[in-house]
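If you're matching them up, the sequences are chains A and B in order.
Its first residue numbered 1, the first sequence is counted upward by one per residue in the numbering used here.
Its first residue numbered 1, the second sequence is counted upward by one per residue in the numbering used here.
Source of the hints: derived by calculation from the structure; they are not laboratory data.
This list has only true hints and no planted wrong ones.
Label-pair ranges, simulated between beta-carbon atoms: (1) B:Asn90 - A:Leu238: 46 to 52 Å; (2) A:Ala288 - B:Ala117: 43 to 49 Å; (3) B:Asp75 - A:Arg79: 36 to 42 Å; (4) B:Ala117 - A:Ala234: 22 to 28 Å.
It should be emphasised that the depicted structure is a prediction, and the values quoted were computed from it without experimental measurement.
Glycine is no exception: its CB is placed at the ideal position from the N, C-alpha and C atoms.
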Amino acid sequence: MTGVDAGRGAPVLPAFPRPRARPRELGLLAGVGVALAVGSLSLGLYRTGRLELADPAGLALYAAGLLVAHLVLVLAGRRVDEILLPAAAFLGGVGLLLMQRLPQDLVVQEVGPWTLGLGGLQLLWLGVALLVATTVAVGLRSDRWLRLYKYTWAAAGLVLLALTFVFGSEVNGSRLTIEIGPVSGQPSELLKVILVVFFAAYLAENRVLLADARVRLLGPISVPPLPYLAPIAAMLALALGIVVIQRDLGAALLFYAVFLGLLFLATGRLIDVILGLLLFAVGFAALAALFPHVQDRIAVWLDPWADPLGSGYQLVQALHAFARGGLVGTGLGAGLPEVAGRLPIPAVHTDFPLAAIGEELGMVGVVAVLAAYLVIVERGLRIAASSRDDFRALLAAGLALVVGLQAAIIAGGNLKLIPLTGITLPFVSYGGSSLLANALVVGILLALSDRGPAPLRPPRPPRLGRLRRRGEASR
Amino acid sequence: MDAGLNLALWILRLAFLALLWLALALMARALLRDVRAATRDPAAMLGRLVVTASGGQPVMGSVFALDAVTTLGRDLGSSVVVDDPYASANHAVLTFRGRSWYVEDLGSTNGTFVNGAPVGGLTALGYGDEIQVGEVRLRLERGRG
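Pulled out of the complex, with its shape left as it was, chain A reads as follows (with noise of 0.2 Å):
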C-alpha cells in the first residue's frame, strides 16, 4: 500500500503517505486527558457525594475526538507541528468542564432528536471545531489561494459584516448575531480570521516598501509611504467603522491591535507602532465623545459600585466571584452561589468564563489558563519564524497575535484592568462562531508549520562483515 517498491531499481515514490508517529504530542494530550479526568472527578464527588466522573460519556466523547484527531495527523505522515493540539484541547477541555459545572439549561437547543444542554452543545462544537482543525491542517496544502485572493476576502468579510448590520437580530443592544435556519453565529469572529489573511498578504506583499521607502514627517520621525497603506487604511476603517456602530467594541480594539502588532512585525519600526497608539488614543476619544455607550463602559470600568445593580452588575459579581476564589479557589461546583435561583453573572458562559475559572479554580487556575495562551503564542511567533516566506511567517504570526490579544482583551476586562468588552475567551467561552473560528486559526497554523512529509531513511548501510567475505571470495 505505501512505501518504496524495493524489488525494481528507482524508488517510487509513495502513493498514499507513511504514517509518522507523534509521540510528543500523544504525550501532552494524554496528560492533559488525565487532568481533565481529575477535574471531572473533583466534580462528580462534589456533586454526588460519590468518587465518580461528573459527565463520564461527554469526557469520554471528547477524548475519543482529541485521539481521532492525533491519529488523522498521525495518518496523513507530514511533519506539523505537535504542541499545538495539546494547548488547544487545554484550553477547550477546561471549558468543557465549565460548561459541564454550570446549570444546563443556560442555553437548550434542540439538535435532531436530542435536546441539548449547555454541556451537550459545547461538546458538538468542540467536535465540529476538531474536525474543522484537523480538516485544515492536513487539506491546506498550498497558500496560493489565500495570498492571491485577498481582497475578494475582505470583500467577503466585510459584505458578511454589512449582511449581520442588516439583517442580523439583537441580543443585549446590540446586531452582532446573524441567523440562518436553526444555525445563529456571529460574523465578527470569522471576520478576524479574514482580516489577519488580508493584512498578511498586503503587508507581505509591500514589506520592502513599507519598511525601506521611508517618507520624512518631522525630523528623525518617519513613516511609511502613506499611499501604499491607503488600502489597508481603508479596509481597518471600514471594518472598524461597522463593528462600533454595531458596538462590538471588543472586535474593533482587537483588530486594531492585531492591525498595530503586524504592522509592526512587517516594517520592524517602533516609530510606527507609536503613531499608531497615538491615533488610536485620538479616535477613542471622538468616540467617547460622540457615543453615549462608549462613556457607560469608561464609567462602569472607572467604578462599577456607583451603579452595583444596574449596568456595573456583572462587573461587581466577577470581581466578588475572583475574591471568594482566592488562590486555589472553592473547587469546581462549589462556586457561584445562585442568587434568587439564577446565576450572579448571567453572562457567566460567554463573557466572564474567567471568572468562574477564577472563583472555583483560584489564581492557580487562572494563570494556568492565561500560560496556555501563551503557550499558542509562542508556537504561532515560532512557526512564523521558521517559515519560508514573509506572507506565511505574518499569518502565523497574526494568528497567534489574534488568540494571545482577544483572551488579553476580555481577560483585563473582566479583572477590571481595561473597559469590559464583549468578546468570547478563545477555546473556553461557550459559542459555536468562537470555537469554529479559532479552530480554523489553529488548522492554518497546523497546516503553516508543515515541513513535507518525512524524508525516506536513508538506505541502510551494508553491513561490514559480509562485504568482506564476498570480498575474499573472489579474490
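Please build the complex by placing chain B on the supplied structure of chain A, with the hints as guidance.
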C-alpha cells in the same frame, strides 16, 4: 464520613490544579527543547536560494545558503555558479543590509529580473521573491526551515 469526604474533595481539587500545571510544564519543556534545537541548528542563516526553474546547472530544487554578500554568475569564483548560456560571468550580487535583502545587476548582458520585472540599480527583495538570472530562476527564502 463528612470529614473524609471533605479531605477527598481537597485532595482531588489540589490534584486537578497540580495536574493542569503538570500538563503545562510538559508543554513548556517541549517548547524549551524546540528553542534549544533551533539555536543549535546549523541551518540557521540569513536566507537561502531555492532553484525553481533551470535549464542545466544548478539543478532544479537545489538550495544555496546565503552569505551577507552573495554573487551570482557563470564565473567559477561566484558564490552561486549559474552555468547557463544566457548568464554573464559576473551577473548579479545579493546583499543583506541590516533589515532586508537587496539585489543588484552587475552589468550583465541579458539583465536580472525580480518577479519578472527587470532590475535597475539596487532593488530590495522580500522573502518569497523570484530572481531570474539567464534562464535560471531562484526563489529567496528565509533561512532555517
